[in-house]
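Colleague: Go ahead and model the full structure; you've got the sequences and the hints to work with.
4 is the number of the first residue of the sequence shown in the numbering used here; add one for each residue after it.
Hints in this document: simulated from the structure, not taken from any laboratory.
Just so you know, these numbers come straight off a predicted model, no measurement behind them.
A few of these clues could be false.
Unchecked claim - Below, in silico cross-link-like pairs of lysine-lysine (PhoX-like), each with a Cα-Cα straight-line distance of 20 Å or less: (1) Lys33 - Lys51; (2) Lys10 - Lys95; (3) Lys117 - Lys87; (4) Lys411 - Lys399; (5) Lys63 - Lys43; (6) Lys49 - Lys36.
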Amino acid sequence: MKVINSKQKNNTMHLEIEASLETINESFNKTFKEMAKLAKIPGFRKGKVPRHIFEQHYGKEILVQDSVNEAVNTSYQLAINELKLEVVDYPKNLKIDDYKENQPIKFTCEVDVKPKIKAEKYKGVKVTTEPSGIDESLVETQINQLRESQATYEPVERETKEEDLLKVNVKASINGESFSRWTKNNVGVCIGTSIFSKEFDNELINKKANTPVSFSVPYAADYHLKDVAGKKVDFEVEITEIKEKTLAELTDELVQKTSKFKTVTELKENIKTSLEDQQKNQRNEKLKQEIMEQIIEKNKIDLPEGMVKLEVEQDERYFENQLKQAGSTLEGYLSMIKQTKEDYTAELSKNAEKRIKSQLILESITEIEKIEATEDDIMNEIKRLRPELDSDDKVKKEMEKINQEGLKKMVAQQKTIDFLIDQAKITEKKK
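Modeller: What follows is the structure, encoded as structure tokens:
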């Protein structure tokens, strides 16, 4: 292979390449072996016919097109490696000279390459953030969730109220016809969280046991259960039992029973620390987004169309696979959110552009500031991702198995993000 000419204009590389005679011959041999597996020639088993017999029977021309394409593709890849190009799309405007026996083949093409940028104006970015500190009510909310999980229910003789657990007999009908799915006896209903609806639950508040109640509930057109969506359901309900919820008392014994901690104080401290970590991560993620948006505005970056297109195609495939696993389709999803395919693709394209520009800027800053991931950085990241690796020896063994270059790049870029946050001029909003 020989690169006759290479010229870059903006983010497009124009290439003129010559496929060597050696590469062409290798391509002919490869094409012949593949075709020989299917060839039916009297006196020879498939795949065993000599090449000269094959060519006498079918003609050499049958090998030319596939062989030339193979030689061009091989030579193109060699040229890309030789020139150390970071291509971001498939080659286009490919023109191949006519094949002449025992002669090299010349061809030309264009290919989009990764933009090379030098990030500017990335220090001292002005951003605002929410005030730090955890509201004690958030700790109490989690404590109450624990108490809720261990709550007990005891029978009572009074009118019903919110959060009571009821045992009911239900008759449901739509337009006078019984709706069997909801017509059941001894159904458990927790007022406020039942399967029927909030309106259904409200009808059962301030009611006595063993007194039939009749009412109707209209269901919205977008209700998740299609059988009742957009319809009015008539109910006849008899409450046969009322139980009152009592939250579990918060004691050291409850904490020991439901967690790895020994005291209420330890549990509360752990919850607060966990909430502080969550707040810090959310704060840093928001800061990163705001900082990157401002840096993108300050750095003009022209992206090759093919680079964005490939990113969008990958996003589409990923999302469609997720929908498929959930038993849905893209068409169904778009119909549900009332969005056109064009608007959906435009949104993907906008997000892809922002993501690519952010990546290019981070790579540039990482290089400019000479930010690197040390071995300790890599080990700490593995420990974070794999907390079950409880010794340095286990972590080092894991390091030998993984793609360290990929992890190094990821950790270095995270350090770059931390660097940008440290360099930013952050103003905290007033409480």
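Colleague: Confirm or reject each hint.
Modeller: Hints, verified against the model:
The hinted pair formed by Lys33 and Lys51 meets the criterion: a straight-line CA distance of about 14 Å does not exceed 20 Å. Proposed proximity of Lys10 and Lys95 is supported: the alpha carbons are some 15 Å apart, at most 20 Å. Distance check on the hinted pair: Lys117 and Lys87 sit about 11 Å apart at the alpha-carbon level, within 20 Å; holds. At roughly 14 Å between alpha-carbon atoms, Lys411 and Lys399 fall within 20 Å of each other, so this suggested pair holds.
A distance of roughly 16 Å separates the Cα atoms of Lys63 and Lys43; the hinted pair therefore holds under the 20 Å criterion. Taken as a hint, the Lys49 and Lys36 pair is honoured in the structure, with Cα atoms around 10 Å apart against an allowance of 20 Å.
Violated hints are absent here; each numbered hint is respected by the structure.
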